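Engineer: The primary structure of each chain is shown beneath.
There are 2 protein chains.
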Amino acid sequence: MAVDIPDVVVRRLPTYLRALRQLADDNVDFVSSHQLGERLHVTPAQIRKDLSYFGRFGKQGRGYNVQLLITDLDQILGLDREWETILVGVGRLGRAIIGYPGFSPEGFNLSAAFDSDSEVVGQEISGTLVRHTSDIPLFTQNNRVDIAILAVPARAAQLVADDLIRNGVHSFLSYAPIPLEVPRGVYVRSLDPILAMEEMTFYLRDSERGGWK
Amino acid sequence: MAVDIPDVVVRRLPTYLRALRQLADDNVDFVSSHQLGERLHVTPAQIRKDLSYFGRFGKQGRGYNVQLLITDLDQILGLDREWETILVGVGRLGRAIIGYPGFSPEGFNLSAAFDSDSEVVGQEISGTLVRHTSDIPLFTQNNRVDIAILAVPARAAQLVADDLIRNGVHSFLSYAPIPLEVPRGVYVRSLDPILAMEEMTFYLRDSERGGWK
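Here the protein sequences come in this chain order: A and B.
For the first sequence, my numbering begins at 1 and goes up steadily by one.
For the second sequence, my numbering begins at 1 and goes up steadily by one.
Calculated directly from the structure, the hints in this document are not laboratory data.
Treat the numbers as computed from the prediction; the structure is a model and nothing was measured.
One should not assume that every hint holds.
Stated by the list, open to error - Pairs of lysine to aspartate or glutamate, DMTMM-like flavour, derived with a Cα cap of 20 Å:
id: 1; chain 1: A; residue 1: K49; chain 2: A; residue 2: D7
id: 2; chain 1: B; residue 1: K49; chain 2: A; residue 2: E38
id: 3; chain 1: A; residue 1: K49; chain 2: B; residue 2: E199
id: 4; chain 1: A; residue 1: K59; chain 2: A; residue 2: E82
id: 5; chain 1: B; residue 1: K59; chain 2: B; residue 2: D72
id: 6; chain 1: B; residue 1: K49; chain 2: A; residue 2: D7
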């Protein structure tokens, strides 16, 4: 069960994959770590080091075989199968997520949406029926749920997460602007715009004051 | 100009700040790195090491003074001032962002929104007037813009970013599901749900197969 790959490496792999797919679309067969690095603003050494965690890729002088590396990264990232996904929270943000065309081409199947507002429950939005959050236990009993996307208000997020965890969901993509408290073994990835902006202001301020050294 | 603080450290600082603010709301005056670590699921050593980049905080045996550390982190992260923010793209996602109540309490002032759809332009959404994207050059001439939030479709994102960069904007929070190509010195933070989910599936797949070692 030990995962020995640094998180920052895992964070970069999907961006490598995306760049490789673009290259494949442009009918490029081979790419060097140098060319790939230029596209992604990372050093060639970084790319070679990141990939070296997973085996030997590429040939000296010839670079990486684009199609083979795509297949390998798909397999490493678990993208060679479908992942069952649910959405909780069908407000403005939730509606934007349901309507987002990017999930299914990548193997993420949005199988259900849930909300506690009776005005929304029963509606079909972009082809997905909105169910009441009280139906979550029954739904998770009868359907596999790999990932839950949380688009609920901050005050509801922890309660909703607790409820889902009790019902066997242990992977969350959370838009809620609070850190979720979860037991070990539950994976949370936060897409909180405030946290992201507060990282940015560090760099903005830092360039104004001339760095920390 | 040299920034010597590792990105992963900067990424954690806003979460420390948020936990400290919660403690302050609960009238807690002092907190140990152990207590803070438990709340955030990081080790006490990690917290101490992260903070040591910025000076000496806390007293042996007594822990951190919550209010003082909040003040210091606010200053380190540049949150002791206002940041002028604009939004480009006022579709469903953009509307959700405009309506998001979290920005202004943290010092992010959403000063304008832009869209290219004439049906949306001229509308006022949650108190923010939507202008046409062709007004961006004039707006940036007359107003400071620290951060642009991009909520435009993938096909438009690069063009919009290029246009903003030409007009002096060099910090982006992007929801677009593509990696933006930007010159050195331009900072982009991506909130792409697909990239985030593809990191998650690595860990899900990894726990199924028992890790990489």
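Engineer: Name the hints, by number, that the structure is in violation of.
Structural biologist: Those not satisfied are hints 2, 4.
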